[in-house]
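For the sequence shown, this note's numbering gives the first residue as 401, with consecutive numbering after it.
Everything labelled a hint here was simulated from the structure, so no lab data went into it. Using N, Cα and C, we set each Cβ at its ideal position, and we do this for glycine too. Where hints are given, some of them may not hold.
Label pairs and their calculated CB-CB ranges [said to hold, decoys possible]:
(1) 455 / 432: 47 to 53 Å
(2) 455 / 806: 25 to 31 Å
(3) 422 / 841: 55 to 61 Å
(4) 860 / 801: 25 to 31 Å
(5) 862 / 744: 35 to 41 Å
(6) 532 / 794: 33 to 39 Å
(7) 737 / 430: 56 to 62 Å
(8) 801 / 724: 19 to 25 Å
(9) 495 / 736: 23 to 29 Å
(10) 759 / 815: 52 to 58 Å
(11) 748 / 696: 19 to 25 Å
(12) 432 / 806: 17 to 23 Å
DSS-like, lysine-lysine: derived pairs with alpha carbons at most 30 Å apart [said to hold, decoys possible]:
(13) 804 / 858
(14) 653 / 761
(15) 728 / 633
(16) 728 / 825
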Amino acid sequence: MRTKNKRIVRYKKPLNINIGMIILTLVFLYLGINCIIYLSRDKISIYEVTKGQSEEIAGIATTGIALRTENVTNAPASGYINYYIKEGTKVSVGNTLYTIDENGDFSERLENAAENDSMLTNENLSEIKTDISKFVSSYDSKKFDEVYDFKYNLDATLLENINLNNLSTINESITANGGAALSLNKADRSGIVEFYIDGYEGLTNDKITDDLFDEKAYNKNPIKSGSSVESGKPIYKTIDNEEWEIVIPLTKKQAEDYKDTTVVDISFPSEGIKTSAYFSIIDNNGSKYGIIGLRRYMIQFVGDRFINIKIDSDKKEGLKVPKTAIVKKDYYEIPIDYITNGGDTSDEGFMKEEIVNNETKSVFVAASIVSRNDTICYVETSDKLQKGDVIAKPNSTDRYQIDKTEKLAGVYNVNTGYTTFRYVKILSEKNGYYIVESGSKYGLQVYDQIVLNASLVKENQVIFK
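Build the full structure now, drawing on both the sequences and the hints.
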């Protein structure tokens, strides 16, 4: 009997891929990775703004030393000097500023010309009368030296008002008669001019010492028109920067009280001026000094080295914001005189000059102005208004090229679900918090929600609360 050959064929099961399981696995994997990332990253905490007030600190009434950017110009030759710009006036490069003649002939004739009041207009005389009235009303018999300062300023005003054509006539007359030629000199830089030297030029706050506050040892040397000057010696100085400082001495207690203060309210009793200023403290060889940083009012005190100043004492009330919530952002710094309104709207902005078909036209550009003072406004940067753009002053031929920026403090507001920068004006600080101004147009309100740690986010970032 023949044995049958049996062939066994193994059956291959078809590959059955469970798509649902793969998708479910990927979803769990995605969720797991995101959970790990979420748990390991820094948490974005939200802070609700509340009302707050600072602790009251005793005010300070003292005399400080003014520090400015003072550029000294030396005499190009020896002779008798005469100035043709009033001290404390702003000059531009190329303005006729002073003359030097070798033997004084020109100075003598110029003095005779100044005595001729027919060379003065009614406007000139009115200005001089106003200056005299102001001096008389504020005269202090205890400060008789101010009389001499006033006389020098009055002399400068008279000489400033003499027509330069008459100066040329006098010079030609002297030259024709064999006299020495006149050296007519122009300003070599722009800025406010002062005609005195006191040795404090170039002084910086890190070089301040206690003995510099001794007013009895202070020596101010005015340079008068008609006086003799030597070649290479100082004859005037130019201040070309509105930023300046006032340094004041501090006691140990005052230094302790103000150690966390960055902004102070100050007043100048002599001028009736009140303003806010930046404040910091330095230590020079064991002595504490307060540095009051200003960007205004320099011209009012340009002729003074010692300034009476008062740091006001009062409680600051506003909104309480953690220091960690503060971030800084660049804003354009533009003179306030250039602000205008656009057409039929009340929107504020600027007249930007653009070239259209080879013609220059002024186009209104609306702008977000977050802060302003008497002279400057701070404008949010945008694509429509950029650094280098030229804007026109309303009803004037003046133009301004946007160049300067200033870092302003602010917070990230998240009321809308994403981070929006809001400018804040810091009034004072207290135990890890700032007290900031409330009620401002672009600022914060009570119960606003802000990012607690601003360093963890960027502007316009979506926030999941």
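Hint check results:
About 50 Å separates the C-beta atoms of residue 455 and residue 432, a value consistent with the hinted range of 47 to 53 Å. Distance hint for residue 455 and residue 806: a CB-CB separation of about 29 Å, consistent with the stated range 25 to 31 Å. Remark: the range hint 55 to 61 Å for residue 422 to residue 841 is upheld by a beta-carbon distance near 56 Å. For residue 860 and residue 801, the hinted distance range of 25 to 31 Å is satisfied, since their beta carbons lie about 29 Å from each other.
The supplied range of 35 to 41 Å is met by residue 862 and residue 744, whose beta-carbon atoms lie about 37 Å from each other. A hinted range of 33 to 39 Å for the beta carbons of residue 532 and residue 794 is consistent with their spacing of about 35 Å. Between residue 737 and residue 430 the C-beta distance comes to about 58 Å, which sits within the given range of 56 to 62 Å. The beta-carbon spacing between residue 801 and residue 724, approximately 37 Å, falls outside the hinted interval of 19 to 25 Å.
The hinted range of 23 to 29 Å is satisfied by residue 495 and residue 736, whose Cβ atoms lie roughly 26 Å apart. Range check, residue 759 to residue 815: Cβ separation about 45 Å, and the 52 to 58 Å hint is violated. The hinted window of 19 to 25 Å between residue 748 and residue 696 holds, with their beta carbons roughly 21 Å apart. Our hint of 17 to 23 Å for residue 432 and residue 806 is violated, since their Cβ atoms are close to 47 Å apart.
Restraint check for residue 804 and residue 858: satisfied, since their Cα atoms lie roughly 24 Å apart, inside the 30 Å limit. Simply put, residue 653 and residue 761 have alpha-carbon atoms about 60 Å apart, too far for the 30 Å limit, and the pair is violated. For the proposed pair residue 728 and residue 633, the alpha carbon gap of about 45 Å is over 30 Å, so the pair is violated. Our distance criterion of 30 Å between C-alpha atoms is met by residue 728 and residue 825, whose separation comes to about 12 Å.
Consistency with the previously given hints fails for numbers 8, 10, 12, 14 and 15, ordered from lowest to highest.
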